[in-house]
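Colleague: Starting from the known structure of chain U, arrange chain H on it as the hints suggest.
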Amino acid sequence: MISFFSSFKAIGLSIHQYTLKYALISKNKTEFKIIEAKTINLNCKTALHDVQSLLEKVPAGASFPSEKGLLRSLELCIKKKSHIEAFLKNKIESSLLDERVALKFWKGEKNSSSFYALKKNALNQYDLNSRENSLLYDHLHPSSFAYASVIRFLLPPKGLKIWICLRDSSAEVLLFDEGLLIEGIFIGDEGDFFETSILRAVFSIWSKREHTSTEIGLLGTSLKKDSLIKEIMSQTSFSTYEPPLNDIPEDYLVEVGSALILNPISKSSPNFALKRDSYRSIYKQYRKPLHLSLILLSSLFLVHSLIWKTQMQKQMKINQNIYSEILSMPSIEWNELQTLYSPQFEGERSIQNLDLIFTQPSKRSAPFLLKPNTFLVSETLAWLKNLYSQLTINGEERPFILDQFEYKLVSTPTMKKQKTPYLVKVSMTFSTNSPETARQLHELLLKEKNFIQMKKKLSWSFQNNLYQASFYLKNYPSPTSVQSCSKQKKH
Amino acid sequence: MFKTKKTLTLLLLLLALPLFLFDLWGCKSLRQSKGHEKKLCLLSKRLHSLYRVEAENKQLLRKYLNADSSYIHTSLESLKLPSSSTSIEFIEKLSPKTPYFQEKKETLVKRINVDFEDLKDILNRIELLENESPKGHPHLIISDFILKKNKSMGDHFYHLDLELLKRDYQF
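Heads up: the sequence lines are chains U and H, in that order. Anchor point for the first sequence: position 443 equals 443 in my numbering, and the numbering is continuous, going up by one each time. Add 1000 to a position in the second sequence, counting from 1, and you land on the number used in my numbering.
One chain only, chain U, in its complex shape (with noise of 0.2 angstroms):
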């Protein structure tokens, strides 16, 4: 995965009638490297079928001869690009010239524009070789762009400068603006007038422009290599170039510079691949991982979709028993409870007003107890005297003589405050024979946990010769106790 983003592997393919040339490259950050330059007969099946299968793993550039179009520029003063287009559609088809504008840049104070334009079916043969052996690729591209990419790597050019690409019989004269490929010229096989041609093109080429470079670049190989040498430096001020190769075999130029178009994408060249038959989008790169991540995605949601559904079901039964339990309790009214609540435990889609129970108050009866749960006065003092008798050493009685007693009921529940509890304050005065009396008394008040509230405060004084204690009452325990919620989870 990690190799994949860092490293770059690609196919260049230049098909021609019966035979098939590729290259195979590796490129990353540090090291370009070619994997294989071979030229296959198309008849031979295995080795047609070993691309085919090459072609399927890895992105494929495909040139065609430049011959069947024209790469040229053109000074424009508009500038958008749809108007361009526009522009260069009208002009192209008035010249009976196929097929789409490829390539456009501006530059400088004056607009121009350069365009490839394709004669109608130019490239039918070309298709019908590609489909018939399937052959298939993500770029199409004439052989002078591929030819650009190829110098692009090896010299970044700049400023205005000419190529000369040499091909066995053919060449092409290319003219590049900083880097960018903006005319070219086609010369085929013109026998003894091939140099002448070449010069002849070079000259109408750099006429139109100022001249900044003396120098003209060669890449590739002619038989008659040195007689144009020899030509350039004797009819014109130009001197040549040939930059070194870096291992890329002077045969396979084209097939080099149609895999580097595709790392990456460039943009100064056009793709005629859209649209074709045997156009297969550059998403084959991103394939596998594109796969892998689709796959991993769902089977995540997936199990996570079967995590929750198990979950839910349990959520669902814990939600029935609670509801069974609630059904199963005496004394309520439950066509009146069902009416307002209306659970769907099936789909479990809602709990219909069930604010509305908690604040619709009973009909039947008082929503607070009448009766109220505290201590009586007569429980108290029994209490008291209870309390009295501890007050005991080696089984003498202390004396204790309480001097006022009070219970007085501080709050109770009314319609209004419903939640208000029955609360008593007890207070009361004494006196006894000696302060270890009290103080046992103290203590033993603050243990008493049955009778007296804990969380309220228990107040002690000492005044004239008096004890002052008060307290609030202890409210009775519930008697039936509420079921909790946790414990039907358990069930």
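Keep in mind the hints are simulated off the structure, nothing from the lab. For every residue, glycine included, the Cβ atom is placed at its ideal position computed from N, Cα and C. Treat the hints with caution; some may be incorrect.
[Unchecked claim] Result set (EDC-like, lysine to aspartate or glutamate): computed pairs, CA atoms no more than 20 angstroms apart in a straight line:
| hint | chain 1 | residue 1 | chain 2 | residue 2 |
| --- | --- | --- | --- | --- |
| 1 | U | K309 | H | E1037 |
| 2 | U | K371 | H | E1037 |
| 3 | H | K1148 | U | E379 |
| 4 | H | K1063 | H | D1144 |
| 5 | U | K314 | H | D1023 |
| 6 | H | K1148 | U | D403 |
| 7 | U | K474 | H | D1144 |
| 8 | H | K1148 | U | E231 |
| 9 | H | K1034 | H | D1023 |
| 10 | U | K425 | H | E1163 |
| 11 | U | K371 | H | E1054 |
| 12 | H | K1151 | H | D1115 |
| 13 | H | K1148 | H | D1115 |
| 14 | U | K416 | H | D1023 |
| 15 | U | K371 | H | D1068 |
| 16 | H | K1039 | U | E325 |
| 17 | U | K38 | U | D168 |
| 18 | U | K425 | H | E1127 |
| 19 | H | K1038 | U | E325 |
| 20 | U | K425 | H | D1144 |
| 21 | U | K416 | H | E1054 |
| 22 | U | K371 | H | D1115 |
| 23 | U | K385 | H | D1115 |
[As the list claims (entries may be wrong)] Far from chain U, by Cβ distances over 12 angstroms, these chain H residues were calculated:
| hint | residue |
| --- | --- |
| 24 | Y1071 |
| 25 | H1073 |
| 26 | L1076 |
| 27 | E1077 |
| 28 | S1085 |
| 29 | T1086 |
| 30 | E1092 |
| 31 | N1113 |
| 32 | K1149 |
[Stated by the list, open to error] Some chain H residues flagged as far from chain U (calculated, every beta-carbon gap over 10 angstroms):
| hint | residue |
| --- | --- |
| 33 | S1078 |
| 34 | S1083 |
| 35 | E1089 |
| 36 | D1155 |
Modeller: Quick look at chain H alone, frame taken from chain U:
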């Protein structure tokens, strides 16, 4: 060959999208269901407590079915206390009516002098200590009870101040 793989990718995409949506929906309904559980628990607790209150109240109402409104006069005010010079006399004050009962505040006009036996007798008539339920006994709640030592009469005598709540239930 690659065309089938492309179709496979598309299929996977198409599969992943509803799964994703299904997953989102599932999480939402699970959350909802957990919310329902909380609401049901609340309902259960609330109904339990309502039920408990109702059961206890029903029991209480049964007990005071034949309450006599003149019970205080017949049973308490008629009580003769040998130790007290003053007679037992209550003053009645109506509290605002509720849908379930009418409450009256009964306050002793004058504090009375009591010894332990008297006290026991009075409390028995109010709180029904011996669990006897004399005919016509209304629901009486002691809201204020003050015993203060009567120093002039010795250790066993106390002044008693009393305030009662009398609840009359409607049937």
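Colleague: If a hint holds in the structure, say so; if it doesn't, say that too.
Modeller: Results of checking the hints against the structure:
Of the pairs offered as hints, the one joining K309 (chain U) and E1037 (chain H) holds, with about 16 angstroms between alpha carbons and a cut-off of 20 angstroms not exceeded. Among the hinted pairs, K371 (chain U) with E1037 (chain H) is inconsistent with the structure: their alpha-carbon atoms are about 33 angstroms apart, more than 20 angstroms. The straight-line distance between the Cα atoms of K1148 (chain H) and E379 (chain U) is roughly 18 angstroms, inside the 20 angstroms bound, and the hint therefore holds. For the hint pairing K1063 (chain H) with D1144 (chain H), the CA-to-CA distance comes to about 23 angstroms; that exceeds 20 angstroms, so the pair is violated.
Restraint check for K314 (chain U) and D1023 (chain H): the C-alpha separation of about 17 angstroms stays at or below 20 angstroms, so the hint holds. With a CA separation close to 6 angstroms, the supplied pair K1148 (chain H) and D403 (chain U) stays within the 20 angstroms bound. Only pairs whose Cα atoms come within 20 angstroms are accepted, and K474 (chain U) paired with D1144 (chain H) is accepted, the gap being roughly 17 angstroms. Restraint check for K1148 (chain H) and E231 (chain U): the C-alpha separation of about 141 angstroms exceeds 20 angstroms, so the hint is violated.
A C-alpha spacing of about 17 angstroms is found between K1034 (chain H) and D1023 (chain H), which places the hinted pair at or below 20 angstroms, so the restraint holds. Restraint check for K425 (chain U) and E1163 (chain H): satisfied, since their Cα atoms lie roughly 14 angstroms apart, inside the 20 angstroms limit. A threshold of 20 angstroms between alpha carbons decides the hint, and for K371 (chain U) with E1054 (chain H) the separation of about 11 angstroms falls inside it, so the pair holds. For the hint linking K1151 (chain H) to D1115 (chain H), the alpha-carbon distance of about 13 angstroms falls within 20 angstroms, and the restraint holds.
The suggested pairing of K1148 (chain H) with D1115 (chain H) holds, with an alpha-carbon distance near 11 angstroms, which does not exceed 20 angstroms. A distance of roughly 47 angstroms separates the Cα atoms of K416 (chain U) and D1023 (chain H); the hinted pair therefore is violated under the 20 angstroms criterion. Restraint check for K371 (chain U) and D1068 (chain H): the C-alpha separation of about 18 angstroms stays at or below 20 angstroms, so the hint holds. Proposed proximity of K1039 (chain H) and E325 (chain U) is supported: the alpha carbons are some 14 angstroms apart, at most 20 angstroms.
A hinted pair counts as satisfied when its Cα atoms are at most 20 angstroms apart, and K38 (chain U) with D168 (chain U) qualifies at roughly 17 angstroms. The suggested pairing of K425 (chain U) with E1127 (chain H) holds, with an alpha-carbon distance near 18 angstroms, which does not exceed 20 angstroms. Between K1038 (chain H) and E325 (chain U) the CA atoms are separated by roughly 15 angstroms; this keeps the pair inside 20 angstroms, and the hint holds. Restraint check for K425 (chain U) and D1144 (chain H): the C-alpha separation of about 10 angstroms stays at or below 20 angstroms, so the hint holds.
Between the alpha carbons of K416 (chain U) and E1054 (chain H) the distance comes to roughly 18 angstroms, so the proposed pair stays at or under 20 angstroms and holds. For the proposed pair K371 (chain U) and D1115 (chain H), the alpha carbon gap of about 28 angstroms is over 20 angstroms, so the pair is violated. Among the hinted pairs, K385 (chain U) with D1115 (chain H) is consistent with the structure: their alpha-carbon atoms are about 15 angstroms apart, no more than 20 angstroms. Non-interface call for Y1071 (chain H) relative to chain U: holds, since the shortest CB-CB distance, roughly 17 angstroms, exceeds 12 angstroms.
With a cut of 12 angstroms on Cβ distances, H1073 (chain H) stays outside the contact zone with chain U, its closest approach being about 21 angstroms. At roughly 14 angstroms, the least C-beta separation between L1076 (chain H) and chain U is larger than 12 angstroms, which holds for a residue marked as non-interface. No beta-carbon of chain U comes within 12 angstroms of the beta-carbon of E1077 (chain H); the shortest separation is about 19 angstroms. At roughly 21 angstroms, the least C-beta separation between S1085 (chain H) and chain U is larger than 12 angstroms, which holds for a residue marked as non-interface.
No beta-carbon of chain U is positioned within 12 angstroms of the beta-carbon of T1086 (chain H); the least distance is around 19 angstroms. Every CB of chain U is more than 12 angstroms from the CB of E1092 (chain H) (nearest about 18 angstroms), matching its label as outside the interface. Residue placement check: N1113 (chain H) keeps its beta carbon more than 12 angstroms from all beta carbons of chain U (closest about 15 angstroms). With a least beta-carbon separation of about 5 angstroms from chain U, K1149 (chain H) fails to lie farther than 12 angstroms from that chain, contradicting its non-interface assignment.
Non-interface status of S1078 (chain H) relative to chain U is upheld: no Cβ of that chain comes within 10 angstroms, the nearest being about 21 angstroms off. Look at S1083 (chain H): its CB is around 17 angstroms from the nearest CB on chain U, clear of 10 angstroms, so calling it non-interface holds up. With 10 angstroms as the threshold on Cβ separation, the claim that E1089 (chain H) sits away from chain U holds: the shortest Cβ distance comes to roughly 20 angstroms. Not every CB of chain U is more than 10 angstroms from the CB of D1155 (chain H) (nearest about 7 angstroms), against its label as outside the interface.
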